[in-house]
Every structure is written in C-alpha cells, then in structure tokens.
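Chemist: Listed below, chain by chain, are the residues.
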Amino acid sequence: MSLDDVKTSNFKFVGTSPDRPDGVDKVTGRARFGADAQAPGMLYAAIVRSPHAHARILGIDSSKAEALKGVKAIVTRADFAEGLEGENWNILENVMAGDTALYDGHAVAAVAATSALIARDAVKLIEVDYEVLPHVTDVDEAMAPGAPIIRAGTADASVPEGMHPNVVRYHESGHGDVEAGFKEADLIVEDHFKTEATHQGYIEPHACLAQLGGDGKGELWCCTQGHWNVQKICAALLGLETSQLRVTASEIGGGFGGKTTVFIEPVALALSRKTSRPVKLVMSRSEVFRATGPTSSASMDIRIGMKKDGTITAAQGTFRLQGGAFPGAPMEFTAMCAFACYDLKHVQQIGYDVLANRPKQAAYRAPGSPMAAFAVESVIDELCNQLGLDPIDTRLKNAACEGTKASYGPRYPRIGLVETLEAAKAHPHYSAPLKPGQGRGISCGFWFNFGGETSVTLALSEDGTVQIAVGTPDIGGSRASMALMAAEELGIPYENIRCTIADTASLGYNEVSHGSRVTYASGLATIQAARDAKRKLCARAAAKWGIPEDAVKWEDGCALPAGPNAGKFPPMPIHEITAEMGATGGPISGHYEATPEGAGVSFATHIVDAEVDAETGKTSVSRYTVVQDAGKAIHPAYVEGQYQGGAAQGIGWALNEEYIYGADGRLQNSGFLDYRIPVASDLPMIDTVIVEVPNPGHPFGVRGVGETSICPPLAAIANAVSAAAGVRLRELPMSPPRILAALDAQADG
Amino acid sequence: MDYHTPSTINEAINLAANAPGSTRFLAGGTDVLVQLRADIFTPDTLIDVKHINGVHDITQNRDGSWRIGIAVTGAEMSEHPSLSEAWPGVVEAMDLVGSTQIQGRATLTGNLCNGSPAADSVPAMIAAGMTATITGPDGSRELAIENIPTGPGKTCLAKGEMITSLTIPARGRHGGDAYLRFIPRTEMDIAVVGVAVNLQLDGDEISQARVALGAVAPTALLVPEAANAIIGTTLDEAALEALANAASAACKPIDDKRGTIKFRTHVAGVLAKRVARLAYTRAKG
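Order-wise, the sequence lines are chains A and B. So the first sequence is residues 486 to 1234, counted in the working numbering. So the second sequence is residues 18 to 302, counted in the working numbering.
Source of the hints: derived by calculation from the structure; they are not laboratory data. Careful: at least some of the hints might be erroneous.
[Unchecked claim] Short derived list, chain A residues pointing at chain B, Cβ under 7 Å:
(1) ASP521
(2) ALA1099
(3) GLU1100
(4) THR1101
(5) ASN1141
(6) ASN1154
(7) PRO1221
[What the hints assert, rightly or not] Pairwise CB distance ranges, derived in the manner of DEER restraints:
(8) ALA161/B <-> GLN871/A: 43 to 51 Å
(9) ASP272/B <-> ASP507/A: 41 to 49 Å
(10) LYS549/A <-> ILE57/B: 48 to 56 Å
(11) LEU872/A <-> LEU50/B: 40 to 48 Å
(12) THR599/A <-> MET18/B: 40 to 48 Å
(13) LYS920/A <-> LYS279/B: 23 to 31 Å
Quick caveat: nothing in here was measured; it's all calculated off a predicted structure. Idealized CB from N, CA, C, for every residue including glycine.
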C-alpha cells in the first residue's frame, strides 16, 4: 500500500473513546461465554489426567466407569485420527496421550455422561496402569548430560551434533563480528538470567459444546482466539472435511495467546461422535493451569560491550527455552527480539528449544520477547550503573530508527522507539525525586506485530445502518475499533454500526487473533470493505442522477457530485440509497480479503519506581509509567487498557507468578491462591503515554499495541528492585524469599 | 452424603455421635464447601449448625468477657464497635481471611476447626487468651485455643464433640493486641508467617504478654519465651531484639511453595517486633 492512502489527521471518529459495544452485555450477564452454550440432550464430559510427570501407559481399564449409570461413552487415543504428522501430531499427542503421559495433567482418557457429577465420578473409576519414568522439568537440567530423554528423535536438522536429544531446535542469527566488537568496548558485562513459566491467567476457563454426527458433519461452539484454526485442527485430528465442521466463537473471557490452539475441543467432538449427542466440556481452573499452554521458562546468558560514552560495541545472547514436552518454545522470537531496540554493528543471538516434562507451551502476549528484554535490559542497566551513564540517554544513543538494520535482519521502515524514549525522558515521572528505599528502573521493549489472512464483509441495511462481520474474536476491544474505522470511512455515526464475530461458515479464512494483528489487519480490511461499499453507493447515486460513476464522491455519509461540472444535485444520504437498493441493483455490501504484510513493529519504554522492604524482601511498585508507540490510537481508552494490562501482567511475572514443580514433577500451585497474579491493591495507577508514529502499512497508521506492553515490565521492575535493594536480581520471580536471599548473600559476601 | 440442619446443640451432637463414617460441621462453608468441590474431602455427613438458636450472637458478659457464637461471621465481628475497640487484633486477624464476600460467610470457629497452621485468626485468639467451650455426648469442657489444633487439618475434638461457643477474656485496662501476617501480595492470600501479640501495661512497662505464631509449625504456637522477652520491659530495642530471637527460635517451619524454612524463621522475628510495637501503642491508648 502506498503512503498516499494513509490518512493521519483530521479524523472525526478515530481517536475518540465511545462506549464499548459489548459493555452492557457483559455487565448484565447477557454475554454468552464458552460455558454458556447449551443444546437439547446435551451430555457432560470430564477428562482423566495423568498424575505423573512422565509415565508409560500400560493399560486403561474403563469397565467400572462404563458400568456407572449415566455414563454414555469413553474415549482414548484410539478414537482419534491416525497417521498425523508434524504439528497436527504434536497437538493430538497433547490433547490425548498416546503410549506415554508426558506431564502432570496430560489427558489420558475422557468420559461423557448425563451429568457433570456423574462424569466426574466416572473419571475416578477409570483405572490407568502407569509405569513411572524419570522426569525433568528445569530447562538447564533437561539439556544436561544424563537427563531423562523425553522423546528421542524429535530434534530437527538445525540442532548441532552432540546435543542432548531434548534439544529439538536451534536458532542462530545476527550480523557483524561480535568478538571484534567486544575488543572495542571499555566495559563488558556478562550475566546469567532465569525466568520461570507463567500462565496467561485469563479469567474464563476453556469451554466448548460439540456436536458431531457419524456422517462427519459437525458444529462446535467454543471460547477461542481463532475459530478457523480450531476448525482446521479439529478436522485433522478427527479425520473430517474442514468445511463440514462449522465453528462459532463465543464471547471470550481473556486469552492473551493462550486460546490460539486447542486443548479440549477435539475431545468433546470425539465424545459427541461416539454418543451421537451434543457434549459440553468445561475445564476447571486446576486443569487450566496443569494442561493448557503456559509460557516457556528460560535460561539466558547475555554479554554486552560498551564504550565509556555509552555506545554499545557488541551484543551476544544465548537463550534456552523449554516449552513442555513438545517442540515449539518460541526461542527464535526471544533471540530475534533480544537486541531489536538497538542499532548494533556486531550482534549475535543463539536459541535452543528444549523439551521438559511440562505442558505444551502456548503463546503468551509477545511470546518469547519479555524474557529477552529482562536479560538484555538488565545488562544495559548494569553497564549504565558501572559507567555512570543516564539509562535513557544511553538507550537514545543506541536506539534503532528508520533505516537501521535490525538485529534480526530487515531494515526498519519508520519506527517510534526514539519518540518513546524522548517522551519518557520528558515525563514528570522520570525527574520526580525518589523517596528513601525506592529505586527507579527503565526498560525498552519490542514486538514484531503481524498481519495474516483476513476477510471482512460489511453489509448495509435498508435504514442505512451497517453490520460488519469480522473473523477475529474480540480480545481487546476490536469491535469498537472496527466500528470507529468504518464510521470514519463512511461518515456515519459510530452507533449506527454493529460489528459481529462471524462463524467459519460466514467468511473466508481468518487467522487467529494474535500477533497484535486485529486492529491492524481486520481494521485495514474493514476500511477497504467500507471503501468498496462507498464505490457501490456512489454508483447507485450516479445511476439515479444519470451522471458517470466517477463524477460522484462520498462525504459525511452522503453521495454528492464530485465537482461543479458533474451537475447540481442535493447530497444523497446513505439511508436514501439503501432504502431503495433492492430496486436499484440489489443489496449493497463491501468486501475485502487479503494477507496484509505491512504490520508496523512497535516499541515501548517503561519507567518504574519500586520499594523493597529490606527486612522481608517484599516489593511494592509505587509508580509506573508506560510510553508506547501506537501508530494511531483508534480508541484511546482501549489502547490505554492494553498498555496497563501488559504492565499489570508484567508486574505479576516479575514479582510473584511462577509454575512451581515438586520433586515428583507435579505442579504445586494449580490455583489462583498459590499462583499469585497481582490483585487490584498490589498495583499502582499505571500512567500511560500514547506516542503516535504512523505505520505506513495501514490506511490510518495503526500499529498493533496488545503485546509490546508486556515486553519492558520484567526488566524495568528488575532494574527498579535492584536499585532499591542495592543488589542485582537475575532470576524471576523476584519473590520475597529470593530477594531476602540475595540481600543475605550480599551481606555475607 | 447426608445433610442435616439441627436446631439445637443436643440434636447436632446426637447426629454427630451417631453418624457413620466421616462428619463435618458446616457454618460459613468457606473451607468445607471448597474442599468438597475441589475433591479434597467429601464427608459422609454434613451437619449445618447455622440454624441453632444463639449461634449468631456476640454477647458481652457481666465480667467484661465476650461470648462469640459459632456461626458469627468475620463481617459481624468487624462491624461490632465495642468488640473491635476492645480486641482489634482478634477482629483484624479474622478480617484478613478471604475477600469481602468470604467475610460474610466465614466464621471464627470455622477458621479454628479447619485446623490450618496458617489460619489468621488462631494466633490472635491464642494471644488473646481465648477459650472454647466444647460439648459432646458426655458433657462440656473448656479448653484454651492453643490446645485445640493438633496438626494440619486436625483438632483434639472427639467424635460427637463440637465447639459450642468461644470466649474472649475481658480486655482490662491498659491492654492492647495486634496481629500481622506476611503475604507476598497485599490481600487475598495465605499467611506465610503470622504473629499475634497481646500485652498489658503497668505505666510504660509491660506487665503481662502473650505471643503466638502462625504458619511456622504444624499448629499455631504460643511462645512463652517470646512473651518473657518483653515482660518487665518498656519494649526498648534490646527487648525487641530478644523478642525477635525468641520468636525465630520457636519456629519449626517447612519448605514449601509459600516460603522457605530460612525465610519463615527470619520473618517471624521481623513481624514479632512490628506486632509488638503496634500492640504496645494500642495499650498506651
């Protein structure tokens, strides 16, 4: 798309924050979430899960469960497709174990019964004979010689010879000659960092209602970030024709990447096929923690060289990520994002994807990037401390800008990192005096953002109101944003537009709502669909007036002659054209489908003040400011919500959230009591600054904003805590016992 | 599972004494129902005590002591002005349990009978010198709170016995109590360490004291050594240091997902000093 199409000013609707269209439904309970789906004759399902971290399944005896009154069917791996390969096989293996249970909570069998209680009782009656195998849950231990082999032969050709079989993928990227770069440095800091796995913590557990006949025709209602993807995977796992399975996405109670794949949907479909009845399956919170897709844990080594004036001469990072018992830990994203904020002559990054006896990781908000920023930005902070440099000036000195060759390869088009750093420096927070015991931390963060397959239809009603059908579930306010962009384009009120998430039978393929792509890609498609509709509206007016189509233009919701030579006709409002469209050529719709590739990368700078109680190691975050480039904020209140949400999740990840495994390889904290996400009173008011450096790849300049906001927090908080405590914290979470231990070690040393 | 709603103590005791299998008493249900739904414990018999006459009452006796009914909720205690004024430590400890919604259901007696070593109200009750009246088929007995829990999830109550009321002593003049817990967040959490201090002053000097610890041993602990460290002092720095050392020395914690042995032992001492200062300030008025 050329720059001529980009509108960056004089907006009428874009940039305002009207009421959200789903607000009343949600506060009155009218919104239908995954678990609200019902069907006549519905059965209830429950899943038998492995209590072992690693065990061979020697046999499954379901005779007692089958004898229980009300039990209608039991499924095991034998009830799914055979001969799958690649990621489909991995997903099936994760959804229902084959001959080996690979983690605590791994599904082994499932039952459908006439009530949820009977299903639960039946689960207890299914006897699974296990041979317990040695297990490993820590990423470094899983790579070490002698570690239990989780699945021999999984490694692909990228892995160097001599590595443990649990290392299944390898990545290397960068440019220049890092050793030459380190020789130019006045100071080199090298450190080791670890982060623990965290969960997205969405409030709505996975839920679905499945209906599948022996004829291979089915319907599925589920809570998901992408129902076309669910359709495609479920069809493969059950051996169906894709188009015969219609999938409808429910209202969604949070996803953050964790609902971009399937966990229970194929199981419910298999049970429905076996019973010829609709089957409902809802996860408990404990199942969500044990058997969905938390993020990877990471072990990282960073080495950065700097001159006395703050110039970075070379940067090197090694990133080891475990993503559970399956390939796919996003180590290449970790590697590629690690140094993406900086203009570096010499940079090298190496990634390892490592298997461990944990659940298969799923995406979590900028997957792989936050941990990279934690490690890299901590080392930059340390360099600034040791060289007596200002952390923002130093970052400005090295900041990537338009034309910079990114650490991961391409040259940047127009980007907004410098603008976020300058806005952070100018913000009153940065110059506010600190109280005794407080420390201040700075960090930058980066995320790619994404386009992906997108299809949108915009249909006009007789009264001139508009319905937009998009295929990207609304996880962050996108229905409001679509309506605003269509209102802007059509020149009609926001309230006259209703945006709906269409099912898989109603639109072409739509990529999952991930990669911060929705406001960008569905937004672009909505704008183009509106332009398509405008052309048709103008054509109807032209026909009525008897003038050429190109002699009609569209303004403020009306067709009107393009100039004085076109003739003298009063403006024809949209509702006049649509009122008679049946007789003037038929219904009017706009449509657009594409795979947009101009998603603009997004940068942020966060400022954090933290206080540490030196006697107990407890941290409180006293002030927080997010500065991020949105390209163009379509609905600023929602953009601020994304900024604050990323920071809030980052505070949890930095301070208290973690997957805790016992020596037996079982998850110790599969509930919100001991998996400690922040509660409201743990958070300060999170201040936001929206920087707008337009993305040339979007008609209004939009960049995705959902993910970048979780990239800087881990490092910004770690830098603040390290300053407050007077000791560098290199491992997350920075829980009170860990901070106290670091203070003790410093006092002893 | 059988569910009963007796209307008298005798009826409840008879049901409990004669019920086959396992029994649980139900008041607010904030532990019992959670354990039931999470498949942690399903009793054969559930006896709901909320319908017994008088169990919702908070009564001040002539001697200034208080009788707390077994179904009195945390919210009812917090909203009782003279109880909160007399025993802020006990009331605040109970108020730390759960959310606002939970406070409308959870009871002091339930928090005790659940047998959790980390129960917030129990150290405060022990420090306050509270007692429980226990009634069974063979009659009633009065026990100090510290003698009731016997281990995680366990109490000394025999089959057929139930707590029928709790008693808080008269506050007396120049007294103060306080409870603080350590949690990694600011609310909605389980104590990693809890410390309660109750003391009485004679002028500036502490004449009597009781110190109790929670979450650092299989049961909440009464620690006379910690009390002795501050009795006869004006809570000067040396006394506070001795208090912290005695509190830490009394800890017999475990390493678990909520904290390490080292952390709990250290923080018990830190909290003891903070709680003692607060109780002292309250006693001074």
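Chemist: If any of the earlier hints don't hold here, list their numbers in rising order.
Modeler: 1, 2, 8, 10, 11 and 12
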